[in-house]
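2 protein chains.
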Amino acid sequence: MAATAPASDYAALCERLRELSALNGVSGLLGWDEQVMMPDGAAELRARHGAALAGVVYEKETAVELGQLLGRLEASPPADAWEAAVVRDAARNYKRRVALSKSIAQREARLSSEGYQAWVVARKASDFGAFAPVLREWLELTREKCAAIDPTRSLYDVSLDGFERGMSSARVDEVFSAVRQGLVPLLAEVREKGTPPDDSWLAGAYDVEMQAALCKEIAVQLGFDLSRGRLDVSVHPFTGGAGPSDVRMTTRFKPNDLLEGLTGAIHETGHALYEQGRPDAYDGLPVSEALSMGVHESQSLLWERCVALSKPFAAYLLPKLRAAFPGQIPADKTPEDLYRALNKVSTKSYIRVESDELSYPLHIILRYELESALLRGDIAIDDLPKLWNQKMQSYLGVTPENDAQGVLQDVHWSAGAIGYFPTYSLGAMMAVQLFQKAQEDMPGLDADIEAGRFAGLREWLRVKVHSKGSLYPTADELMIAATGEPLKPEVFLAFLRSKYSEIYKL
Amino acid sequence: MAATAPASDYAALCERLRELSALNGVSGLLGWDEQVMMPDGAAELRARHGAALAGVVYEKETAVELGQLLGRLEASPPADAWEAAVVRDAARNYKRRVALSKSIAQREARLSSEGYQAWVVARKASDFGAFAPVLREWLELTREKCAAIDPTRSLYDVSLDGFERGMSSARVDEVFSAVRQGLVPLLAEVREKGTPPDDSWLAGAYDVEMQAALCKEIAVQLGFDLSRGRLDVSVHPFTGGAGPSDVRMTTRFKPNDLLEGLTGAIHETGHALYEQGRPDAYDGLPVSEALSMGVHESQSLLWERCVALSKPFAAYLLPKLRAAFPGQIPADKTPEDLYRALNKVSTKSYIRVESDELSYPLHIILRYELESALLRGDIAIDDLPKLWNQKMQSYLGVTPENDAQGVLQDVHWSAGAIGYFPTYSLGAMMAVQLFQKAQEDMPGLDADIEAGRFAGLREWLRVKVHSKGSLYPTADELMIAATGEPLKPEVFLAFLRSKYSEIYKL
Numbered sequence: 001m002a003a004t005a006p007a008s009d010y011a012a013l014c015e016r017l018r019e020l021s022a023l024n025g026v027s028g029l030l031g032w033d034e035q036v037m038m039p040d041g042a043a044e045l046r047a048r049h050g051a052a053l054a055g056v057v058y059e060k061e062t063a064v065e066l067g068q069l070l071g072r073l074e075a076s077p078p079a080d081a082w083e084a085a086v087v088r089d090a091a092r093n094y095k096r097r098v099a100l101s102k103s104i105a106q107r108e109a110r111l112s113s114e115g116y117q118a119w120v121v122a123r124k125a126s127d128f129g130a131f132a133p134v135l136r137e138w139l140e141l142t143r144e145k146c147a148a149i150d151p152t153r154s155l156y157d158v159s160l161d162g163f164e165r166g167m168s169s170a171r172v173d174e175v176f177s178a179v180r181q182g183l184v185p186l187l188a189e190v191r192e193k194g195t196p197p198d199d200s201w202l203a204g205a206y207d208v209e210m211q212a213a214l215c216k217e218i219a220v221q222l223g224f225d226l227s228r229g230r231l232d233v234s235v236h237p238f239t240g241g242a243g244p245s246d247v248r249m250t251t252r253f254k255p256n257d258l259l260e261g262l263t264g265a266i267h268e269t270g271h272a273l274y275e276q277g278r279p280d281a282y283d284g285l286p287v288s289e290a291l292s293m294g295v296h297e298s299q300s301l302l303w304e305r306c307v308a309l310s311k312p313f314a315a316y317l318l319p320k321l322r323a324a325f326p327g328q329i330p331a332d333k334t335p336e337d338l339y340r341a342l343n344k345v346s347t348k349s350y351i352r353v354e355s356d357e358l359s360y361p362l363h364i365i366l367r368y369e370l371e372s373a374l375l376r377g378d379i380a381i382d383d384l385p386k387l388w389n390q391k392m393q394s395y396l397g398v399t400p401e402n403d404a405q406g407v408l409q410d411v412h413w414s415a416g417a418i419g420y421f422p423t424y425s426l427g428a429m430m431a432v433q434l435f436q437k438a439q440e441d442m443p444g445l446d447a448d449i450e451a452g453r454f455a456g457l458r459e460w461l462r463v464k465v466h467s468k469g470s471l472y473p474t475a476d477e478l479m480i481a482a483t484g485e486p487l488k489p490e491v492f493l494a495f496l497r498s499k500y501s502e503i504y505k506l
Numbered sequence: 001m002a003a004t005a006p007a008s009d010y011a012a013l014c015e016r017l018r019e020l021s022a023l024n025g026v027s028g029l030l031g032w033d034e035q036v037m038m039p040d041g042a043a044e045l046r047a048r049h050g051a052a053l054a055g056v057v058y059e060k061e062t063a064v065e066l067g068q069l070l071g072r073l074e075a076s077p078p079a080d081a082w083e084a085a086v087v088r089d090a091a092r093n094y095k096r097r098v099a100l101s102k103s104i105a106q107r108e109a110r111l112s113s114e115g116y117q118a119w120v121v122a123r124k125a126s127d128f129g130a131f132a133p134v135l136r137e138w139l140e141l142t143r144e145k146c147a148a149i150d151p152t153r154s155l156y157d158v159s160l161d162g163f164e165r166g167m168s169s170a171r172v173d174e175v176f177s178a179v180r181q182g183l184v185p186l187l188a189e190v191r192e193k194g195t196p197p198d199d200s201w202l203a204g205a206y207d208v209e210m211q212a213a214l215c216k217e218i219a220v221q222l223g224f225d226l227s228r229g230r231l232d233v234s235v236h237p238f239t240g241g242a243g244p245s246d247v248r249m250t251t252r253f254k255p256n257d258l259l260e261g262l263t264g265a266i267h268e269t270g271h272a273l274y275e276q277g278r279p280d281a282y283d284g285l286p287v288s289e290a291l292s293m294g295v296h297e298s299q300s301l302l303w304e305r306c307v308a309l310s311k312p313f314a315a316y317l318l319p320k321l322r323a324a325f326p327g328q329i330p331a332d333k334t335p336e337d338l339y340r341a342l343n344k345v346s347t348k349s350y351i352r353v354e355s356d357e358l359s360y361p362l363h364i365i366l367r368y369e370l371e372s373a374l375l376r377g378d379i380a381i382d383d384l385p386k387l388w389n390q391k392m393q394s395y396l397g398v399t400p401e402n403d404a405q406g407v408l409q410d411v412h413w414s415a416g417a418i419g420y421f422p423t424y425s426l427g428a429m430m431a432v433q434l435f436q437k438a439q440e441d442m443p444g445l446d447a448d449i450e451a452g453r454f455a456g457l458r459e460w461l462r463v464k465v466h467s468k469g470s471l472y473p474t475a476d477e478l479m480i481a482a483t484g485e486p487l488k489p490e491v492f493l494a495f496l497r498s499k500y501s502e503i504y505k506l
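Top line first, the protein sequences correspond to chains A and B.
Residues in the first sequence are numbered consecutively from 1, following my numbering.
Residues in the second sequence are numbered consecutively from 1, following my numbering.
Same shape as in the complex, but just chain A (with noise of 0.2 Å):
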């Protein structure tokens, strides 16, 4: 075995990879504050400080000395696992940051806006000619940009692995294709065989200020530690913040749905928990972050649909319900009728974030395929919306009317994010398997839900996911350590059959 490093070479880096992460954490605050505080007239200034922030930040990232110290400390890399994984990480990192040419970040950055402002517009006059220029744009960029960063791989792995680390097409083609053969013919069965639930009576106009406490008292229950972060509204929800001790959740509330807010509300709450779980021993260096954007869905998922979309929780909450709105919620109805009217499939679904649980991973699967082989030059460009539509179609059973129903609807492609998609599903699967794994270890766990004591889950996943940060090079290999196999689609179909077919009474 090789010598280790000198210790001192290994502190060299901490050192400044800490700052970075300081520095990164104000930049998080940013733009937190920029989404949920600031003035509307104080934009222009935002930028100006918010782009001489990232330039420190680019200049500390892609420091020399920083190449020299991760050079010397990878050919004779730490033994512990923790110190190794942060060379690991930091290298990575810094692989990726001096790739980009200045000439590539400022296109890229001036991408970034020309491409919002041009998919606003080709959305709302629903005409994806206006948005081609740009995509082709961004393919371009991307492709020059994986080239640089590693050449020696596929171009859509090395876009994929800005995202999901260590994931390849090779093994999304693998889980996707499964989960596509399971999940059509299911979504199918449950539309034409089965009996949906009734949600008539959840629809209804809910206040909004209660509806925010509920979910506030919800968000504690589940274990969100106020004393070290926040819980704002937003437009968009999501969570950011400064820290594992400064995570800001936000969420949205609109009186005609109460669903929306609920599971935004949990949803953000996963998020959140694992960003308050990180191991503080290593804070402020890479091996205590997130370890991928998969991971950190599958935390809000597996709160969102696995626990909050439960029969369990539906006897928790149904009394919750009753007395933040008194007598919006028929006396007549049970847990088990909530439960069946949270979990009802959508008979036609063309758009992706209003989609459910059965229908979601069939619009990631789409969007995946189309935008692998996009960057590949196996399709063309201006052929996408015709793609996109036969693909619905033979997915989903449905053609979208026209492109801002279709192929215009999501914003992704237009901040160049061409890899992101498949982590929504990779996370939704995770998210089964751990949760299974978790009543496997805790037998109790239905019954702690339905009582509201959610300490155990939360401690669970604390110790198995959130805590190991980035230890491991994969989310598979996570999945391994937390459950003893790889992430395996067959769990995943296996419990959508089993929930659906019950609720739809196939």
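Keep in mind that the hints were calculated from the coordinates and are not lab data.
Careful: at least some of the hints might be erroneous.
Said to hold, decoys possible - DSS-like, lysine-lysine: derived pairs with alpha carbons at most 30 Å apart:
1) B:K216 with A:K254
2) A:K488 with A:K437
3) A:K320 with A:K254
4) B:K216 with A:K216
5) A:K488 with A:K344
6) B:K60 with A:K102
Please build the complex by placing chain B on the supplied structure of chain A, with the hints as guidance.
Showing chain B alone in chain A's frame:
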């Protein structure tokens, strides 16, 4: 005349200064967040984030290249007065910053934290002896700092200059001794021979939410622009933020003190209007910043005292109070009654922050005399409580019962802020002189205030003060430009004598 420096040096300077301004803006936002939004448990994380940002700012503020640019530009300054002021202020800031060796900076950081803790403990125990060692260390450190910044000037002048640019102790002596000589007998006369107004009818419990709503309405009517700022609640009211288009003021309300919340909110609005009115054209450059702490205080006190404690404002305010607090204001009370009640002078004044317009300057003069003598070494630290009490008796006619009520009441010295106190009263005097000039220029001003029309006064202040930034090198030169004369203590004294003679029927 020397040839002006090449445009490229000036442009290069501006680029560096704008980056620094942006990073300081971020730092300002962090400070606001810490006091208004941050969860308690994030304090340690925030300290590290703040330190990382401060480190970056320090590196950039003391960069050798910046010094070289400034050296060339000072040798042949720009012809334009604004650009010349940019160079002048940047050079001054650079000089003050590089004079702080790393050792001084570290001692300063340590003392700031230890000093505050020691002060809290000493004040609680009312034991000056427990605070004396900290004060001794601060005095030594301040002497060292001032000698390093400019060994050609007196220590106190250099320290004062950090808060009130271009001010000297000779000039403060001249102004303060005139004020003291006029004010001590006036205060005694008011107390001994005056007929105090009745303010008992203002006592009561006022709904805090309603106070906040009323003060927000008034702040907006005075001209605070909510599209370029925020108004929140914090334990200690202050005005901060990230720049002229992102000014964040805070207020505080107590149910049993209507006056404190109201005057506090109007005070902060005065600071905020100055910040929002700074010159856009020079945004990000030092010349766009407020001239000094004294001038800043002149803006808060002009609105708080000259406007809000005036007769016409009482006529504007009374119906608003009646509307906000139905049934709480006796029906027979007139604007004149309100005016008189708002201007009651306390019979015993021990505490600066609770003191009235007449007593306040004497509290300041006492502190100025003591801190300047301490820094010069003319008096011994151990004699401070005794000297404090003697001066209190001589100027304000009371002797504190203990150190907590006396020499330990203020936090300033625990933070090493020596030279800060004078700015409060210099600002109060400037406020009166500026307001009288505005009245002279706008004969309808009183009627405007009574009618709630504040735009004329605000615009007058914007043109004369806010939009001038720190173009002028001293407050006196700003006063000459705005009023035709330097600061004149007689104006202040005559105003107080006339106002309180009428209220107290002398």
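Here's how the hints hold up against the structure:
1. B:K216 with A:K254: holds, 27 Å
2. A:K488 with A:K437: Holds, at about 13 Å.
3. A:K320 with A:K254: Holds, at roughly 18 Å.
4. B:K216 with A:K216: Between K216 (chain B) and K216 (chain A) the Cα gap is close to 27 Å, so the pair holds against 30 Å.
5. A:K488 with A:K344: Holds. K488 (chain A) to K344 (chain A) sits at ~25 Å (cutoff 30 Å).
6. B:K60 with A:K102: Holds: K60 (chain B) and K102 (chain A) sit about 21 Å apart, inside 30 Å.
In this structure, every one of the numbered hints holds.
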